[in-house]
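One line per chain: the protein sequences are A and B, in this order.
Numbering follows this note's numbering, with no gaps: position 47 of the first sequence is 58.
Numbering follows this note's numbering, with no gaps: position 34 of the second sequence is 196.
Derived by calculation from the structure, the hints in this document are not laboratory data.
Don't take each hint at face value.
In silico DSS-like pairs for lysine-lysine, Cα to Cα no more than 27 angstroms straight-line [said to hold, decoys possible]:
#, chain 1, residue 1, chain 2, residue 2
1, B, Lys167, A, Lys414
2, A, Lys306, A, Lys261
3, B, Lys167, A, Lys192
4, A, Lys192, A, Lys26
5, A, Lys112, A, Lys192
6, A, Lys273, A, Lys306
7, A, Lys143, A, Lys192
8, B, Lys175, A, Lys414
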Amino acid sequence: MPYVGNKPEVGNFRKCDAITTSATATYNLLVGGVAVNPNQNQCIVSLNGVIQSSGNSYTIANSQITMASALTSSDVIDFILILGDTLDVGVPSDDTVDASKITANIITGQSALGATPADTDELLISDAGTLKRVDYSYLKSSVVNRPNAQALIINGNMDVWQRGTATVTTTGDYVGVDRFKISEDTDGSFSTERHTMSNAEFTTTGFGYALQADCTGTDASIGASQTAEITQKIEAQNLQLLQYGTSNAKNLTLSFWVKSSKTGTYCVAIRKRDTTSYDIPIEYSISSADTWEKKVLNISPTAGSTSLITSSGGVIDNNNGDGLHVTFCLAIGSNFQGTNNTWVAASKLCTSNQVNWMDSTSNDFYLTGVQLEVGEYSASTLPSFQHETYAANLARCQRYYYKMIDENVALATFSYYSASRVEAGVSFPVTMRTAPSLISTSGSSYFRVQRNGGDNNLNDLSGSNVGLNHASIYNTDEASGTAGDAGYGYSRANGVLSWNSEL
Amino acid sequence: MAITKVQYTDSKKEVVHVVYNNDTSVKITTPANNTGNTDWDNVVQWVADGNTIQEAD
Chain A
12 MPYVGNKPEV GNFRKCDAIT TSATATYNLL VGGVAVNPNQ NQCIVSLNGV
62 IQSSGNSYTI ANSQITMASA LTSSDVIDFI LILGDTLDVG VPSDDTVDAS
112 KITANIITGQ SALGATPADT DELLISDAGT LKRVDYSYLK SSVVNRPNAQ
162 ALIINGNMDV WQRGTATVTT TGDYVGVDRF KISEDTDGSF STERHTMSNA
212 EFTTTGFGYA LQADCTGTDA SIGASQTAEI TQKIEAQNLQ LLQYGTSNAK
262 NLTLSFWVKS SKTGTYCVAI RKRDTTSYDI PIEYSISSAD TWEKKVLNIS
312 PTAGSTSLIT SSGGVIDNNN GDGLHVTFCL AIGSNFQGTN NTWVAASKLC
362 TSNQVNWMDS TSNDFYLTGV QLEVGEYSAS TLPSFQHETY AANLARCQRY
412 YYKMIDENVA LATFSYYSAS RVEAGVSFPV TMRTAPSLIS TSGSSYFRVQ
462 RNGGDNNLND LSGSNVGLNH ASIYNTDEAS GTAGDAGYGY SRANGVLSWN
512 SEL
Chain B
163 MAITKVQYTD SKKEVVHVVY NNDTSVKITT PANNTGNTDW DNVVQWVADG
213 NTIQEAD
C-alpha cells in the first residue's frame, strides 16, 4: 500500500521481532534481539488482523507492550511497526549535514581542555576547503610566543654601518657596525669590518652581513686586567618586560651565528647594569673551524642558584640609561674570569676556559644574527629572527648615533649672528636617547657657507642648544660675514658631521 | 680612549669641547651638565680624577 502523504525519506523505521503469545498481557519489544522502547503513538500494532488503538488497546513502557487484556496462545500479534523514534533522526545520509544544520555552540558547548594540548591532540582544519584533522605538534612550531614586540638587540643582523664598513682598528669605541662597541686593551690588536656573506653563507645563516674581527697583533699571554670583547649595550627602559629585581624575573635566550678559525670554548657575558651591577658568564663552544654555527644560550634569573636578579638589587631602572650588556668575549684576563652560568656581583665576563683569541694573527671571528628573546627557548622552539626593513633598523640605530652628513653634501641654511658667529638649526630624524654630542671632522676648509656672493670656509662646527630632537651648529673660529647675512652651508672633502648619544 | 683636554667653547659655559687621545682630527662638543651623555659622563669622571676644564679662548 502506498504511503499516504509525503513519503518520509529519512527515519528510523523498524519492525519488531515476532512475538509468541501466551496467557499474559505483557510482552518484550525487541528489534534484532535488542530491546527497544518506542513511543506508543508512533507504533502500528496488529492483533488478529485488527489494528489496535494506542493507549486503549495497548500501552508501551520500559521496552514492553501491554495489551488491554491477557491474550491466549491462539491470539496472533501480526506485527508491530515502529515509525521512528521521538527526536531520533537516525543516521544522516552521507554529505547531507551542512553548516546550517549544526548548532552555533557546537564548540563552546563542549568542555574546555584547560591545558596546553598534547602533541598528539588534534584540531580540525580546512585544507583548501577540505576538512582535515591535524596534530597540535604541527601547529605549535609555527606559534611565536614573543613578548617583546621589537628585537631587544638592535642591528643584530649587522646591516647598518653608519660609521663606515671599512677595516678599523680601535682600542675601545663604536667604530663600524652600529650599536656594537669594540673594546680591546691587550698587548695585541684587532680590527673589525663588514663581512659580506657568500651565497653559501647566506644559504646557511639567512643573513647578508656579519661583523668580522681579525687579530692583527698578538698577545700570547693576556694580562689579568686586559680584555678584548664586542658589546651591545641595551637601553634600560627597553628591558622592563624582564621584570628583573622581582620574583617574576624572566628567563632570557640569546642566540647568534658565529664562525671562527680558532675553535674551543668562548664565553658571552650578560651584564646587568643599574642599581647594582651583576654579571653572568656563559660558555659556548665553537666546534668546527671556519664553519658557521648557531648558538642558543639560556639565561635564568636564578642561574647558579643565586637570587641576585630576583632581589631588589636586580632592578633595571625604567629610564634611558644603561640597562644590560651582551658581551662577546675574545680574550679576557683572569681578573674577569668567573663561574660558568652563575650570576655574581662582580665584573666577570668569562670563565677560565675562554680561549685566548689574541694569540695568533691567523685568528678571525665572525658574528651575526644576534637575538635576545624573553623566555626559555631551545634551538627548535626559538622564534625566528625579527628581520626589519633597513629603514626601520637604521632609525632604531639613529637614536644612539646619527651620521648627519658625509662629505660634499648640503647641510643647512646658516645665518650670521655677528661678523664672527655663523649658526644654523638642524633636526634629528628620530628622538635621540639623550642630548647628543656633535662629532665634527676638523681640518682646513672642511665646511663652507656661501653668503653674499662669497665663500666662508670653516674648519669644523660645534653644537649648541642641543635637545633630543633639534640642535644648532655654529662656528666662531673661522666665521666671517655680516650680521644678518644668510648663506647656504655644505660639507666639502672630508667634512662629516655626526651626533652621538651611545650608551 | 682617554680624555686629554676639555675646554668650554664660550664664556656661557654651556658647551664643552672634549679631546680624546690628543686627536684633533675631530672636534667633539657636548652640552655641559648633560648627565647620561657618555662624553659628559667621561668629563665628570675626568674632573673627579683631578683635572680641570679650561676656560674658553
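Quick rundown of the hints versus the structure:
| no. | hint | in the structure |
| --- | --- | --- |
| 1 | B:Lys167 x A:Lys414 | 24 angstroms, holds |
| 2 | A:Lys306 x A:Lys261 | 20 angstroms, holds |
| 3 | B:Lys167 x A:Lys192 | 23 angstroms, holds |
| 4 | A:Lys192 x A:Lys26 | 89 angstroms, violated |
| 5 | A:Lys112 x A:Lys192 | 65 angstroms, violated |
| 6 | A:Lys273 x A:Lys306 | 16 angstroms, holds |
| 7 | A:Lys143 x A:Lys192 | 52 angstroms, violated |
| 8 | B:Lys175 x A:Lys414 | 26 angstroms, holds |
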